[in-house]
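> Each chain, written out:
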Amino acid sequence: MTDNVEKEIVAIISDVSGFEPEDIKPGTNFFQDLEIDSIKAIEITVAIEKKFKISVRDEDVPNITTVKEAVELVNKLIAEKPNVKA
Amino acid sequence: MLKPKDTYDAVIIGAGISGLVCGCYLAKAGMKVLIVEQHYKPGGYCTSFKRQGFTFDAAAHSFGGYRENGTMFRIINDLGLNLRIERYDPSDVIVTSDYRISLWNDPNRTVEELQSAFPHESKKIRDFFYFLSNSEPFDFVVLRKKTFRELLDQYFTDENLRSILSFPVLGNGGLPPSLISAFTAAKIYIEFLLDGGYYPGESMQSLSDSLARKFKEYGGELRLSCPVTKIRVKENVIEGVFLDKSTFILTRNVVSCCDTRQTVFDLLGQRLVREEFMRKLETMQPSLSVFVAYLGIDHSFEPLLRPGVNVWIMPHYNIEEMYLTLRDKSINETMGYMIRLSPNGKSLQAFVNAPFKNKEYWIENKYPLLEDFIRRIESVIPNLSQHIVYKDASTPYTMYRYTLNYKGAAYGWASIPSQLFAPEFKFIDGIGGLFLCGHWTAQTQGIPGAAYLGSETAKLILRKGKYGL
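Top line first, the protein sequences correspond to chains F and G. With the numbering used here applied, the first sequence covers 155 to 240. With the numbering used here applied, the second sequence covers 1284 to 1752.
For reference, chain F alone in the conformation it holds in the complex:
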C-alpha cells in the first residue's frame, strides 16, 4: 500500500511540476529540486486530499519539504481515517 501511495503522490507531483516521475525521488526537495511555488503547493495538496480522501491539517503543512515527508504524512492520515482500511 505504501508503495502505491508513493506512486500516486509522485504522479500528482509530476503532473503539477512537469518533472518526470523518475526524477522525483523520496529525498527530492519540493522547492530546490522541483521549483514548487505557492500555487503548485496548493495544487499538490488539493489533489492529494481529493485522491486519498483525506484532509491535511494546518499544523502538518510547514513540516513538508521532501517527497518522503509528504508520503509519510499521507500514510499517517490514511491510517487515522475512521472506519477505512488504510
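Hints in this document: simulated from the structure, not taken from any laboratory. The model shown is predicted, which means the values in this text are computed figures rather than measured ones. Misleading hints may appear alongside valid ones.
Said to hold, decoys possible - Straight line, CA to CA, 27 Å or less: simulated DSSO-like cross-link-like pairs of lysine-lysine:
| no. | chain 1 | residue 1 | chain 2 | residue 2 |
| --- | --- | --- | --- | --- |
| 1 | F | 205 | G | 1563 |
| 2 | F | 235 | G | 1429 |
| 3 | G | 1429 | F | 204 |
| 4 | G | 1742 | F | 179 |
| 5 | G | 1747 | F | 222 |
Chain F is fixed; fit chain G onto it per the hints.
Positioned in the frame of chain F, the structure of chain G alone reads:
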C-alpha cells in the same frame, strides 16, 4: 494536400498575456510555434486604443510582480524584453469619508500609514503584512479552504480596517471578503498591491507588442484576426486545428488560452470530454466583468489625482452589500470604484465591477450609466464634466466581444475556495497534447498571474517532452 508550412510543433489559441508568454518560451526553446488570435491586435485584456488623440488602456492599466525575483521581473528578463518600465509611488490610494490610505512602493511605509490610522491594530497590521511578504510556498497551503474574511478575522477586529483592506481585493478579484479565497486575496496583495504600480512605456499595449515582437524574433508566427474554429483530435491525441472550414494546421500540441467552456463546447466538442470533467465544468461560476469609463480631459486634476496612481473611492464600508448589489442589479449609486489618471496625465479611466447581463441591456444602458458614473466621479473631482473632451465606455459585453471570455469575466473563474482547483483544468483527461492555459486554469490572475501560467505551461510542455519535435 498539406504543405510543410502548415505544420507546427505547437499552436497557441489566443494572444493574451498567457499565450504570448507561453509562445515566447516555446519558440525560444526552438519549437516552431504559431499563435492565432481572433482580435486584430495582441494582448487580450492588456491592449490599448487611440481615440481623438487620446490613448486609453482597454482593461489592464498597470502591472505588478516586478520586484527582484517577482514573476514579471523573471519573465521580462528571461525573454530579454526591451521595455521602459516606470513605477508610480504610491501605486494605489484608498479613499473613504474618514481615511486616505496610500499603498507605497515601500511596504514598510504602507504599514506605518495603516498603523497611524488604526493605532489599536498596530501589531496585527505588522503581522499581517509580514505574513504576506515573508511566507514560504507551503505556508500558503493553509489558506486553501479559507476565505479572505476568515484570514482578516484572524488578525483584525476593526471593521473599517477590514473593509479598507478588502476594497482593492474586490476591485482586483471581483469578490467580497466573505467569498474570495484567502489565497487569491493574498496573491492580489503580494503581486498587485505590495509590488504594483509598474507601467510599460507608452501604454499597456507596449507590453503585449513587445512580447509579440520577441515571439517573432524567436521565429514564432503570429496570426491576428484569425479565429480557430475547431481542434481536431484523432485517437485521443491532438492532430491539429482548423482556422476556418478549409485551412487545417497540423500540430501535436495545442495550448488553449481561451476559456475552458469555449475550448470544450466550441472547439473540441463535448463528446471527447469525460463526464467527470463536464460535471465539474457545469458547476463552475465565472468572475464578474467590468464597466470601464474612458475620459479624455483638457485639465490637470492634480493633486486630487496623480498620473499612474490607482485611486479607490469607497463610498461606504459595507463591501459585501456593494458586491451583492453589483452582482444582482447593476452598477449603481452605492458602488465603489477605481479611478486613474493615465501616466501621460491626459486621460482618465474609471472602473467598476459589473455583471454580464446581456448585449441588449448594455446597448440600452451604456451611455446613461456612463453619465451617471461621471456624475458620481464629479463628487470627488469637482468640475470634471467641464473638462471632458472625449468620453466612451466599455461594458461587460465589450469585454466579451474583444476577448471572447465567457460572460466577459475579468478574472477567469470566480476565486471562491470551492473553485480552488487541483491541476484538473490544465489538461483534459484522455486528450494528449492539449494544454489549457490562462486565467481560467488556476486561481491566479491579472498580468503576473497570466504571465506565470504562460511560462509554467511552456515549462510543462518542454519538460514532459510531450511534443513531437
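> Work down the list of hints and note, for each, if the structure agrees.
Evaluated hints:
1. As the CA atoms of residue 205 of chain F and residue 1563 of chain G are separated by approximately 16 Å, the hinted pair is consistent with the 27 Å bound.
2. Under the criterion of a C-alpha separation no larger than 27 Å, the hint pairing residue 235 of chain F with residue 1429 of chain G is consistent with the structure, at around 23 Å.
3. For the suggested pair residue 1429 of chain G and residue 204 of chain F, the alpha carbons sit about 17 Å apart, so the restraint of at most 27 Å is met.
4. The suggested pairing of residue 1742 of chain G with residue 179 of chain F holds, with an alpha-carbon distance near 20 Å, which does not exceed 27 Å.
5. Between residue 1747 of chain G and residue 222 of chain F, the direct Cα distance comes to roughly 23 Å. Compliance with the 27 Å bound is thereby established for this hinted pair.
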